[in-house]
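Spelled out from the first residue to the last, the chains are:
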Amino acid sequence: MQKRFTRMFLLNKRFIAYPIATALLIVAMLLGISIGTVSVPVLSILKLIGTEVLHLPSLGKTDPMFTTIVMDIRLPRVILAGLVGASLAIAGAAFQGLLRNPLADPYVLGVSSGASVGAVLVLFLNLSIPFVGMFTLPVMSIAASILTIFLVLFFARQIERSMRVETIILTGIVFSSFLGSLLSLMIALTGEELRQIIGWLLGSVSMRGWEYIGIMLPFFIIGSGILLFSTKELNAMSFGEERAQHIGVNVAKRKLWILIGGSILTGAAVAVSGTIGFVGLVIPHLTRLLWGPDHRHLLPLSILLGAAFLIVADLISRTIISPTELPIGVITSLIGAPVFAIILIRRRKESRG
Amino acid sequence: MLSVQSVTGGYPGHDVLNDISFDVERGELLGIVGPNGSGKTTIFKMISGILKAKSGSILLKEKPIASYSAKQLARVLAVLPQHAEQAFPYTVKETVSLGRYAHQSGWFQSWSEHDEEVVQRTMAQTGISTFQDHYVNELSGGERQRVFLAQALAQEPEILLLDEPTNHLDLSYQKELLDLLKKWTREQGLTVISIFHDLNLAGLYCDRLLLLENGRINLHHKPNDVLNEARIQSVYRTKIEKHPHPTVPKPQMLLLPEKQAEDESDLLITEKCLTHAEEMITLKAPFPLRTMSSGVVGSGTGWYSTFVNRHVDKTYDCFDHKGEMTRFLEDHGIDPTETVGMMTAVRLEDVAFRFIEDEGVSVFVVVTAGVGNAVDASKSREHVYEPLPGTINTWIFVNGTLTDEAFIQSIMTATEAKVKVLHDQQVKDAVTGTIATGTSTDSILIAATQRGEHQAYAGTITTLGKLISEGIYACTTEALEKYRERRFR
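Line order of the protein sequences matches chains A and B.
Heads up: the first sequence begins at -14 in the numbering used here, then just goes up one per residue.
Heads up: the second sequence begins at 407 in the numbering used here, then just goes up one per residue.
These aren't lab readings, by the way, just hints derived from the structure by calculation.
Every residue, glycine too, gets a C-beta built ideally from N, C-alpha and C.
It is possible that some hints are incorrect.
Stated by the list, open to error - Listed next, the in silico DSS-like pairs over lysine-lysine satisfying Cα-Cα at most 30 Å (straight line):
id: 1; chain 1: A; residue 1: 238; chain 2: B; residue 2: 645
id: 2; chain 1: B; residue 1: 785; chain 2: B; residue 2: 720
id: 3; chain 1: B; residue 1: 467; chain 2: A; residue 2: 217
id: 4; chain 1: A; residue 1: 217; chain 2: B; residue 2: 477
id: 5; chain 1: B; residue 1: 645; chain 2: B; residue 2: 665
id: 6; chain 1: B; residue 1: 690; chain 2: A; residue 2: 217
id: 7; chain 1: A; residue 1: 238; chain 2: B; residue 2: 458
id: 8; chain 1: B; residue 1: 458; chain 2: A; residue 2: 217
To be verified - Pulled a few chain B residues facing chain A out of the computed Cβ check, cut under 7 Å:
id: 9; residue: 434
id: 10; residue: 457
id: 11; residue: 474
id: 12; residue: 477
id: 13; residue: 489
id: 14; residue: 490
Given only the sequences and the hints, what does the whole structure look like? Please build it.
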C-alpha cells in the first residue's frame, strides 16, 4: 500500500514537475545574478531585465553600476552556466537512454577529450586564427569535437557495419584514452601556460561575456532540438536496439542523430567552459529518480535542472572563498556527489518500504 | 501472407541459413523447430528485418521486406522477443503504449483515443490490466512475458513472430497463451510464426511445422509427419519415442533418460515377491512394472509396483467399489497410485501360482478361480448384467521387454488357455447348461519388467506365448480343482 501510494504520488508529481523545475531555475538565476562582491537586490534585477532585455517602458531608476554588473558580467555568466549545464544534462540523459546504461555520461564517446585537445593546442601553441582572434579557442575546440565524433563513428563503422552501441562505446573509449594521452603529453611539455591549461581543463564560465553565449546558443538549439524530437525513440531503444526496430524505430538512423545531437551539445559545452564533470551523469539520473524514465519528460526536465544546478554551482565556486574562484568542476562534484548519494539512499529505503 | 524464397545468409563471414524456402498462409499457426544452432532465430531476424539475406528474397504481402520502412513493417509484423532488456523502470502501461509507436505520425505524435483503446484492449486480453501502474521490473517472468506480448499486440500486427513464447511461463499460462494464439488465428486471421523448443507443444497447436537442421529445411509439413520418431532422433541426435496423445489425435515425443546402473540389476518377479493372507494376496515388485489390466484401481495401462487381489464377501456392495477399494488400500498402508487392485469372492487359500522359464524369458502366473457365475460367451445374451466381484482373476508377470503388440497377444493367449481349462473341466453355464468360457466378472493383468529379452509377439506358439499358455493352463486347472474340492467336500 505504501509503495502504491508513493507511485501514485510520483505520477502526479510529473504534472507539477515542470513548474517546480522552472521555479528552481528562476530562483537559481536570480541568486546567481544577485550574489557577489557587490550585492544586487532582486527587485533591481527584475527592473533591469525588464528595461534592458525586454525593452519595457522604464520601471524606475536603477543604479548604473548595477546595470554594468548585471548586464556585462553576471547575466551573461549565469546564462552561459545555464546553457552549459542544460547541454550536458540533456546530452547525458540521451546517452544514458541510447546506451541503456545509467552510468553513461556525455564524455563517454571521447568528444570532450577531442574538444580539450583542440583547446589545449590553442593554449599550448598560442594560436590565433585570423578573423576569429580571441575566439580561436572555442572555435578550434568545437571543430576538434566535431572531428572526433565523426572519427569515432567512422572507426566504429569500420569495425562493425551495424554499429552496435557496444562497438561505439569501445571506439569512444579508445579515442578518449588516446586523446587523453595527447593532452598529458602537451601538459608535460608545457611551461608557463600550465596553470592556464589546468584551469581551463577544470572548467569555468567566468569572464566569457555575451560573445560566448553567441557561440554556444546555435549549437544548443540544434543539439537539443535533435534530441527532443527523438524522445519516443529513446524510450523504445531503452528496451534494446532489436526491440526498438521491431516496434518500428529506424534504429540506425535515429542512433546516428542522437549521437550527433548529443556530441554537438557536449562539444560546444566543453569548448566554452572546459570539462565540467558530474552534471551530465547525475542530473539525468536525479531527474529519472524523481520523475521516472520516460524520455519525453526526462529530457526537458533535465535541461531545466541541469541549468539550475550549474548556475548554483558557479555561484558557490566564485563566492565560497571569494575573491579566489574555485574551478566549477570541483564544486559540481563536491555538492553533487553527497546530494546524489542521499537521494539514492532515501529512494532505496522507500522502494523497500 | 509471407513467402521466403531460397534465402541464404546469416552473420558476416558465416552463413547460418542455406537455401530456405517456405510460405505461410494468412491465419496459419506455423511452428519452427530444430536443435540449437539450426538457424531458428536467424530466420526470425531476417523476417523481422534485423538481418539482411545474402541471397534470395522474403516477401511480405507480395512486397519485398526490404521495401518496407521500419514503421511500415512494424504495422504489419510484430515480434515477441525471448527476453527484452530492461535498463530503466517503466510502468506496464508505458511499456505497452510503446507498441503504438508505428501508428503515430507527425512530429508531435499525439496519443489518440484509438491508441488508448488498443492499449487497454491488449492489456485486458493478456490479463495485465490490473497491474498497469506497476513497474515492469517488479513483475515475475511470466507477467513480464505477457507485458511484452501486449506490447506486440498493441502494434495491431497481421503477423506475429514469437521466439519461444512459453519459455518463462507456468504450465497454465503456456496453455492459456497458446489457446489464445490459436483462437486469434482462427477468429481474426492473425498469422503466427513461433519458435518452439518443446516439440509436444508445437505438435499440439501448430497447423504445420518447419523442421530446421543445420540451416536447411529438413521438412515442412503437418506435425504428425514432421514429428516422426526416426526423423526427430536423427535431427536432434538423441533417443526419443513417439506416442499418441492419450486424448487428442496429436503426436507426443517422449525423451528417454539414459539407463542408470541401479536400473540394470536383474531382479526377477517370482513367488518371493508374493505374500498371501486370508484377506488379500499381494505382490510387491522391486521396481514399477509396465502394466495392462482390468483391475478395480490402476486399470488400463501404466506403471505399477504393487498388485493386490482382495477377498470380499459375496454380499459385497458394488456401489462405489473404486472409492472403497482406494480407502481399503490406504488403510493397509498401500499407495493406491502405485497399485493395481482386484477383488474376488473366492477363498484366497485356493490360489495357484507357478514360475516358468525358457530361453531367457520367464513368467510368473498367479490365478484365483471360482466358477459360481460361469458364463458361455456365445450365449451371454441370455444373462442379465450384474456387477459382482471377479471370480477368475489372472495375473501374468513377464521378466522381459514387451511391445504393445506382445501385451495384447498375451491377453489373447491367456484367455484362450483359460477357456480351454473350463472346457476340459466341463464347467457349465448354470443358465444355459452349455460349457462356459469364463465367468461374468473375470479380470486379467499383464505386467512386464521391461528389462532383458525383447519380446515382439506373444501369440500361442511364440516363446512367450508358450510360457503363458502353459502357466495359465496349469494354474487355472489347479485353482479350479482346489475350488471344486472345497465346494464338494
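Evaluated hints:
1. A/238 / B/645: The given pair, whose Cα atoms are some 49 Å apart, is violated under the 30 Å limit.
2. B/785 / B/720: holds, 24 Å
3. B/467 / A/217: holds, 28 Å
4. A/217 / B/477: Holds: residue 217 of chain A and residue 477 of chain B sit about 13 Å apart, inside 30 Å.
5. B/645 / B/665: Holds - the C-alpha atoms of residue 665 of chain B and residue 645 of chain B are around 12 Å apart, at most 30 Å.
6. B/690 / A/217: violated, 69 Å
7. A/238 / B/458: holds, 17 Å
8. B/458 / A/217: Within the cut-off at roughly 26 Å; holds.
9. 434: violated, 21 Å
10. 457: violated, 9 Å
11. 474: violated, 10 Å
12. 477: holds, 4 Å
13. 489: The hint is violated - residue 489 of chain B has no Cβ within 7 Å of chain A, the shortest such distance being about 9 Å.
14. 490: This hint holds: residue 490 of chain B lies near chain A, its Cβ roughly 5 Å from the closest one there, short of 7 Å.
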